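Engineer: Protein chains in written order, with the UniProt record's numbering: chain A, 1 to 423; chain B, 1 to 423; chain C, 1 to 423; chain D, 1 to 423.
Everything labelled a hint here was simulated from the structure, so no lab data went into it. On a predicted model such as this, the values are computed, not experimentally measured, just so you know. We put the beta carbon where it would ideally sit given N, CA and C, even for glycine. Check the hints yourself; a few may be wrong.
[As the list claims (entries may be wrong)] Examples of chain A residues toward chain C, derived with CB under 7 Å:
id	residue
1	P9
2	E200
3	A225
4	A239
5	V276
6	I288
7	A291
There are 4 protein chains.
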Amino acid sequence: MSNPETVLPEAARIAAELAPTYRDLHKHPELAFQEFRTAGLAARTLMDLGFEVTEGIGQTGVVGVLSNGDGPTVLLRADMDALPVEERTGLDYASTDRATDASGADVPVMHACGHDVHVTALLGAAELLVGCRDDWSGTLIALFQPAEEGGGGAQAMIDDALFEKVPRPDVVLGQHVAPLGAGLIGLHPGPAFAATDAFEITLHGRGGHGSRPELTVDPVVLAAATVMRLQTVVSREIAGTETAVLTVGTLHAGTKNNIIADHAILGVNVRSYDTVTRDRVIESMTRIVHAEAQASGSPREPEIVATESFPVLVNDPDASARTRTAFARVFGDEQVIDPGVVTGSEDVGMLATEAGVPLVYWLLGGAELEAFQAAYATGRLDALPSNHSPLFAPVIEPTLTVGVAALATAALEWLDERALPGV
Amino acid sequence: MSNPETVLPEAARIAAELAPTYRDLHKHPELAFQEFRTAGLAARTLMDLGFEVTEGIGQTGVVGVLSNGDGPTVLLRADMDALPVEERTGLDYASTDRATDASGADVPVMHACGHDVHVTALLGAAELLVGCRDDWSGTLIALFQPAEEGGGGAQAMIDDALFEKVPRPDVVLGQHVAPLGAGLIGLHPGPAFAATDAFEITLHGRGGHGSRPELTVDPVVLAAATVMRLQTVVSREIAGTETAVLTVGTLHAGTKNNIIADHAILGVNVRSYDTVTRDRVIESMTRIVHAEAQASGSPREPEIVATESFPVLVNDPDASARTRTAFARVFGDEQVIDPGVVTGSEDVGMLATEAGVPLVYWLLGGAELEAFQAAYATGRLDALPSNHSPLFAPVIEPTLTVGVAALATAALEWLDERALPGV
Amino acid sequence: MSNPETVLPEAARIAAELAPTYRDLHKHPELAFQEFRTAGLAARTLMDLGFEVTEGIGQTGVVGVLSNGDGPTVLLRADMDALPVEERTGLDYASTDRATDASGADVPVMHACGHDVHVTALLGAAELLVGCRDDWSGTLIALFQPAEEGGGGAQAMIDDALFEKVPRPDVVLGQHVAPLGAGLIGLHPGPAFAATDAFEITLHGRGGHGSRPELTVDPVVLAAATVMRLQTVVSREIAGTETAVLTVGTLHAGTKNNIIADHAILGVNVRSYDTVTRDRVIESMTRIVHAEAQASGSPREPEIVATESFPVLVNDPDASARTRTAFARVFGDEQVIDPGVVTGSEDVGMLATEAGVPLVYWLLGGAELEAFQAAYATGRLDALPSNHSPLFAPVIEPTLTVGVAALATAALEWLDERALPGV
Amino acid sequence: MSNPETVLPEAARIAAELAPTYRDLHKHPELAFQEFRTAGLAARTLMDLGFEVTEGIGQTGVVGVLSNGDGPTVLLRADMDALPVEERTGLDYASTDRATDASGADVPVMHACGHDVHVTALLGAAELLVGCRDDWSGTLIALFQPAEEGGGGAQAMIDDALFEKVPRPDVVLGQHVAPLGAGLIGLHPGPAFAATDAFEITLHGRGGHGSRPELTVDPVVLAAATVMRLQTVVSREIAGTETAVLTVGTLHAGTKNNIIADHAILGVNVRSYDTVTRDRVIESMTRIVHAEAQASGSPREPEIVATESFPVLVNDPDASARTRTAFARVFGDEQVIDPGVVTGSEDVGMLATEAGVPLVYWLLGGAELEAFQAAYATGRLDALPSNHSPLFAPVIEPTLTVGVAALATAALEWLDERALPGV
């Protein structure tokens with residue numbers, strides 16, 4: 001069953017079975033470290049399939065191990081968490097759930113980054129690989145990670161003695177759904193996803209009555225001037241040929257229009273591919289934040305707290321080439337593209353680094369194919385809803401089928417001896 | 001007892017009694033239309049003093065009427081509501097209370113505008129006037145209003161048939177504590193408090209991943225550019241010799257640093273003294289908000305919703321002069337100053353306008369006297385915490401004594417026949 | 001002839017004679033300290049009228065003295081300089097002249113502030129007063145000042161020993177044409193024109209190629225951020241009830257679009273009416289300029305050079321009242337209005353201060369009356385071209401007639417004994 | 001003499017001879033289309049060397065042709081124009097010259113982009129190639145182009161029938177001095193220099209007096225807001241992985257601090273490598289400029305005039321590989337680096353495109369080697385003066401020697417038959 005001709009039809013069968021599960025996960029998204037329902041579903045399914053399951057690694061992480069004779073150990077990873085976004089897809093399985101976030105605020109929740117696809121596809125790949133266990137030999141690890149979205153879920157699992165609880169793998173494999181045309185797989189060897197650094201910046205003003213700004217230091221104006229100035233980090237201080245992104249994702253100040261608040265809080269996200277660029281961005285951001293506080297006559301220095309730091313994700317070149325060849329056999333050569341580097345970030349690389357083994361991580365197309373081709377042809381990819389958008393909605397098929405098949409194909413490349421000669 | 005020599009000592013005695021009440025009110029502030037505890041306290045006290053009390057006018061408003069023979073009808077007004085500000089005064093009676101605001105958010109609450117002083121002083125004045133009821137003749141109305149802070153409390157009471165439920169007065173009197181030196185009274189005849197207009201502005205972006213701004217329309221940048229541009233309304237479009245204040249008191253966008261949100265919300269507060277200026281400010285604000293949305297390539301026009309509109313507060317010149325003379329007799333001429341117009345707003349004028357009678361509304365000094373004098377001498381009044389600041393903390397004495405005495409003095413000016421010849 | 005009934009017709013006759021002179025002056029404007037042609041015309045005319053004339057006081061200043069028996073000494077003042085503005089009035093006597101300014105640049109020149117009206121009206125008043133010299137007694141001084149527009153012309157004349165060369169007056173009188181309706185006179189006692197402070201600010205960047213901003217510090221961005229931030233001085237740091245204006249009138253940076261320059265130069269103009277406000281504006285401007293340079297990572301501190309400082313112009317209350325009465329007798333009470341304070345500045349007050357005598361300085365209406373009334377009624381005075389606009393074009397009549405008559409009337413108020421009883 | 005061992009010593013000898021010429025050219029820079037002295041020097045030297053010389057092609061362009069038997073035709077190109085930059089290198093041969101630019105302004109002039117190196121090196125290469133003419137066979141064209149800096153010099157020569165006046169070449173070769181370490185050569189095959197588009201943008205305000213902004217539309221504020229907003233084109237609208245640079249190189253508004261001007265003029269320079277990015281930048285720039293004018297209430301739409309448009313410079317891959325091999329033989333393999341794409345632009349590609357032949361264009365290191373290595377190691381290349389900086393000063397040696405040798409080596413690669421077998 002594990003020969004190239006059979007993987008796709010089998011994946012299609014399983015994907016059809018799992019479509020209701022996917023819609024259910026989509027309808028009931030959970031924030032970072034709150035993935036109780038999702039983790040429970042994953043654990044139950046793995047147990048039913050015969051995996052030995054450990055729950056609660058890194059709070060809500062779930063790992064299943066299937067020992068199937070001698071041979072390599074392959075780790076397939078999916079992340080589970082959703083985002084505080086209010087869904088506007090109009091889907092009949094759209095989320096209307098809300099949750100309390102880490103700061104205690106009541107927020108809407110949505111699978112706006114497609115982790116529901118990742119969970120479903122990994123469950124499907126586990127089923128497919130169990131179904132053809134006679135064709136391969138080795139150990140299969142299915143890992144469901146919490147809190148990929150800036151929550152440090154991979155680090156939390158590592159800190160919770162992950163590789164003492166489960167075997168150390170020989171390769172780490174995973175995928176992320178993206179606004180590529182559904183059916184396509186995107187694989188870029190070498191540095192592929194950016195490093196992320198996140199900061200919470202508190203700008204201090206002096207509060208007072210909205211009618212008497214002269215007695216205050218207005219933090220809304222201070223925050224606005226800072227945001228405008230921060231645009232110049234990328235536009236003026238980083239070479240056009242280098243890559244850096246600085247996003248002020250959140251800005252919150254004030255409780256009432258006739259009160260001038262005493263502080264504003266900015267949430268900043270920085271992407272980069274090399275240390276020199278990263279350092280320059282952070283150094284410039286810091287300089288600007290302090291200087292703008294001075295321009296306002298702030299009574300206190302601003303506080304800049306680093307809340308997150310992801311390294312660059314590097315796909316091992318040899319393992320990537322090997323995986324790409326396997327994909328080409330199953331999906332056809334023209335379906336496997338090189339999307340170049342992306343500015344997104346991922347902490348899956350930490351699992352491979354901790355294990356000291358190669359990583360291969362690819363993009364799974366989820367966009368309606370014709371819409372993608374039209375957008376690509378006109379250079380207006382902004383016409384497609386991207387990850388984190390309230391409109392992000394992968395088409396279920398062929399996304400799920402290809403997602404199941406891609407994970408299974410990549411795993412079999414390491415686990416199926418018969419595949420090896422073909423490499 | 002109502003002669004000038006006795007008002008002050010009697011007020012001091014009552015103020016000392018009421019100081020614990022004041023501290024209790026300060027410690028337990030209530031948001032607009034949620035003043036249940038405060039209203040209950042006011043109603044009970046008025047009943048105990050012999051007033052006929054009506055509760056629940058305009059939701060939480062309370063009015064007591066004391067009929068004491070023939071003569072004029074005088075309305076004394078206090079407002080009761082507090083603000084969503086986190087208190088930082090360090091007082092031992094500081095508030096740590098929180099409440100759910102009208103939008104459903106959990107917010108801190110503080111008497112940052114001194115309405116607790118107003119409530120306490122009116123209860124004290126009621127007691128003082130009851131105590132000397134043999135010396136005057138007429139009808140006394142003590143009115144405790146909800147929701148002065150932009151909530152439309154005066155309008156709500158009027159809409160709830162206020163002047164069918166209680167007699168129409170001959171004059172409306174009231175006071176507001178302010179960062180003048182404690183002991184001072186500030187009274188400005190004519191237009192004295194600004195008109196207020198408040199707006200909630202929703203700016204629309206297009207959401208997406210923080211690493212891919214090119215696929216989004218970033219509402220944080222749009223909001224920041226709008227805030228900076230709105231500064232030019234006052235700096236460039238209003239004559240230096242005219243008065244207008246435009247404050248963006250709140251700015252909220254985004255839930256997470258790595259998500260670009262799809263909208264930002266601004267709370268804007270506008271002050272003005274005449275219609276031409278007011279119209280120009282609103283017209284310019286509207287033009288800028290729409291143009292900035294276009295500059296960002298917003299997918300939808302911004303929405304500008306008027307949430308509040310207070311008229312200019314005008315002190316009747318004759319009634320003001322009469323009140324000023326009475327104050328000078330009790331407090332000394334040099335204690336009654338003309339603070340000029342202030343940019344604050346007040347809806348107390350609506351009560352007088354509805355009744356078709358004169359209004360006299362004055363500022364009650366609440367700042368530590370030496371600090372006030374030092375700040376005044378150096379032109380740096382911004383060294384004093386102003387209304388709506390998390391540090392706003394009137395000194396209890398002589399503020400309460402003067403507050404009680406001022407209300408009583410003004411009322412007696414209309415009610416005490418013996419006072420009349422002296423005018 | 002100097003009785004109220006005859007002043008106006010006589011002024012009208014003279015104004016008609018002088019209209020060609022006015023058009024000629026308008027067509028040939030001269031920049032500060034370059035008023036050679038204008039000064040020559042003034043000197044020649046005064047000599048022909050019998051004045052004793054001194055030329056070259058303060059470079060191009062001209063003063064004529066007419067001694068006419070015992071009595072007070074009255075100084076009438078006109079300023080002569082034009083502005084580097086390209087005229088766009090479309091008048092048949094519009095200027096197309098150009099000149100080299102103090103920095104060596106070739107610039108267009110225009111009488112965009114109406115000093116041509118002042119010169120013409122003073123020549124006419126001199127003629128009128130000579131014509132009725134039998135009716136008055138005393139000394140008349142006609143002073144033509146250079147460089148009022150920020151050039152320090154009054155100070156230059158004082159420094160050049162003005163009051164050793166001509167008698168010290170008992171009163172200084174003068175007028176400024178303004179976009180009031182023609183026929184109107186505006187006189188405001190007390191502080192009437194703002195203080196001015198001007199600054200040249202040099203912001204330092206680091207130059208380089210337009211394609212490699214990362215190797216530079218871009219002074220255009222620094223200048224833009226500074227300009228936006230400077231708007232907050234008035235919008236946030238000065239009370240709405242105080243008056244301050246901060247204008248960045250000039251901004252120059254760069255020589256070529258593909259070169260990033262190494263500096264930018266801003267010309268800033270500040271208006272205020274009191275020292276506390278003035279100091280706050282300058283302090284805030286200084287703070288912002290330095291902080292914005294830090295935000296850009298400037299290699300050198302910015303330089304802020306004070307280029308000009310005019311005091312507040314204060315009209316002596318008693319002398320103003322006396323002058324107003326005289327105007328009302330000649331023009332009718334309703335033609336003499338109080339325009340309130342204006343944010344314009346004037347150095348004529350320095351002449352009075354130096355002499356230690358009262359000043360009376362009024363606005364002379366120059367706008368087409370119906371246009372003015374329409375603009376006033378709708379609160380859109382910005383529909384009228386204001387001083388310094390390329391479209392500023394006083395209507396010749398009745399502006400010139402009233403200008404001649406007003407100067408003559410005011411002078412006679414001090415010089416004509418017969419007028420005194422009427423005061 | 002043309003064997004690899006002899007090119008470098010011969011180039012060194014000639015470079016030493018030409019150093020005074022270089023210093024003289026540096027001291028007397030000439031603006032675009034004003035390169036009369038430089039062109040005269042080039043023409044005379046070529047004639048002395050035996051070239052047939054045509055002057056005045058494209059106004060000031062000079063082309064020399066040396067026919068030396070059968071064989072290929074090679075065109076070596078140097079550009080001659082300098083920039084309106086005030087030199088601050090402190091060199092004893094620094095320029096203090098000034099000139100009148102195309103707009104009539106008097107400006108400083110400096111060889112801030114190193115075209116003086118290009119001219120000198122081409123003269124030296126011509127001498128070297130004449131000296132070894134027995135070793136090669138074919139036709140050598142030495143072309144001295146005017147107005148590379150945005151002036152359209154290449155287009156001007158083409159429009160002036162360049163390839164009717166001189167033979168059509170088989171290859172176009174040239175070089176540009178850059179802040180690489182002196183001794184290094186940088187050659188990038190494929191798209192290597194960015195496309196440039198330049199614009200002059202006129203923003204319209206309404207002029208008036210500096211003290212009455214409310215009657216005006218302030219073009220300085222409009223320009224500042226526009227500059228700040230234009231930063232968001234690169235920071236928010238172009239993917240981090242794409243390359244675009246948008247520089248506002250010039251901003252000019254106003255003549256006097258107390259006059260609000262009626263317009264501001266921006267000079268904008270855009271760099272890009274592909275049409276989709278280019279179109280997006282220009283579309284966004286246009287949208288922002290119009291929207292900001294609306295935000296200010298401009299009386300007229302802004303004008304955006306395209307003043308320049310250079311295509312991407314593409315090095316022919318095969319010809320580049322061939323040239324690189326020749327360089328490696330002469331200079332050593334490690335001296336020839338791939339600098340990647342640069343954001344600078346060049347119109348030399350137009351000559352190759354017009355001729356329909358390959359182009360090879362390389363960077364010539366001009367920075368002091370140790371300073372370069374230190375800057376490179378710390379990632380702070382901004383420590384080195386870059387092209388267009390007032391401090392840009394290539395070290396004369398080994399820059400000139402390598403510049404002469406590189407041009408000669410590349411030419412001989414096509415012209416010297418004996419070299420061919422080694423390819």
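Engineer: Under 7 Å, Cβ to Cβ, is where A239 (chain A) needs to be relative to chain C, so tell me if that hint holds or is violated.
Structural biologist: A239 (chain A) check passes; min Cβ-Cβ to chain C is 5 Å, inside 7 Å.
Engineer: When the nearest CB of chain C is found for A291 (chain A), is that gap smaller than 7 Å?
Structural biologist: Since chain C brings a Cβ to about 4 Å from A291 (chain A), closer than 7 Å, the hint holds.
Engineer: Was the hint right that V276 (chain A) lines chain C, CB cutoff 7 Å?
Structural biologist: violated (11 Å)
Engineer: Given P9 (chain A) as an interface hint, is its Cβ closer than 7 Å to any Cβ of chain C?
Structural biologist: violated (53 Å)
Engineer: Classify the hint on E200 (chain A) as holds or violated, based on whether any CB of chain C lies nearer than 7 Å to its CB.
Structural biologist: violated (20 Å)
Engineer: Mind checking the CB of I288 (chain A) against every CB in chain C and telling me if the closest is under 7 Å?
Structural biologist: holds (5 Å)
Engineer: Using 7 Å as the Cβ threshold, decide whether A225 (chain A) counts as touching chain C.
Structural biologist: holds (6 Å)
Checked against the numbered hints above, the structure violates hints 1, 2 and 5; every other hint is satisfied.
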